[in-house]
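Colleague: Sequence:
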Amino acid sequence: MATDFKSLPVIDISPLLLKCDDPDMAEDPGVIQVVQQLDRACRDAGFFYVIGHGISEDLIKKVREITREFFMLPYDEKLKIKMTPAAGYRGYQRIGENVTKGKPDIHEAIDCYREFKQGKYGDLGKAMEGPNQWPEKPHEFKELMEEYLRLCTDLSRNILRGIALALGGSPYEFEGKIAGEPFWVMRLIGYPGAPFTNGKLENDVGCGAHTDYGLLTLVNQDEDKTALQVRNLGGDWISAIPIPGSFVCNIGDMLKILSNGVYESTLHRVINNSPLYRVCVAFFYETNFDAVVEPFDICKDKYPEGRGESQIFKRAVYGEHLVSKVQTNFAM
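First residue of the sequence shown? That's 1 in UniProt numbering, and the numbers climb one at a time after it.
Hints in this document: simulated from the structure, not taken from any laboratory.
Be a bit skeptical, because a hint or two may be false.
[Said to hold, decoys possible] Here are the simulated DSS-like cross-link-like pairs (lysine-lysine), alpha carbons at most 30 angstroms apart as the crow flies: (1) K314 <-> K302; (2) K177 <-> K117; (3) K19 <-> K62; (4) K225 <-> K101.
Starting from the given sequences, assemble the full structure and let the hints guide the process.
Modeller: Dropping the structure here:
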């Protein structure tokens, strides 16, 4: 359960990555230390910084830079890849089209999802079918993002091997029927500098308070603006101050269920008080699209401290959860 943390922990996961393909990784002293840090972070905050992750700082910056280039284009150019329900909710959305709890968020974005063959998931996946809409400008946008997606997918899988050990299971608990064929979501987000609305809109928040849907999120944020905030148990909003070269990592609703509530998907929001435009690229590593998610057997007899009697979280179908969120989050 989230506590009254005042800052987010920083975890160097390089020892875990060195052993992530070793079936005996759980016996390595360096891995054991990382696993303990992951366990504490997931229990206390649901958020942490990841360093030593092996993705080059140069690539991380390039992804933000090319995203910024796109958002600086004229609207008529950006609208060439406009998001619509017919496009599987993939593509560009203008400022105010994303809605959190009924209020428009002050950001623009490109949404991308893992592509899958038409009909693969039947009626469950119909709303999300379609190819990603990649812009023609800037050049090399698609190629750069696809490389980044591949690396983020590998990194997320390896972090989850450490989290699986932290829960008391094998390193591979999140693979197979849970996330052997992981769905993913990527949101490339641009936040105008403050003040933006001058009081003309009810909400002047970049993104309202919410939890993430899936297993694990990797946040690549501008290094010179502090905007992401995480709420602790006492209700205080703690700033995730950028650490160059790091990812801010947090767990989502599906991991909360799988852990039987031992790990928390924590509320967070974005408020860009800087006068400068802010870019953030969020990668969401999810379960299999059609996964039936319920607490791991290893977690059914566990429950968060202070909640009294043991409980078992209800099951959820990830695809249903995602589609319901997507269809209520966009003002179209």
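Colleague: Each hint should be assessed against the structure and marked as holding or not.
Modeller: Hint by hint, here is what the structure shows:
1. K314 <-> K302: Judged against 30 angstroms, a Cα distance of about 14 angstroms means the pair holds.
2. K177 <-> K117: holds (19 angstroms)
3. K19 <-> K62: Between K19 and K62 the Cα gap is close to 28 angstroms, so the pair holds against 30 angstroms.
4. K225 <-> K101: Holds. K225 to K101 sits at ~25 angstroms (cutoff 30 angstroms).
In this structure, every one of the numbered hints holds.
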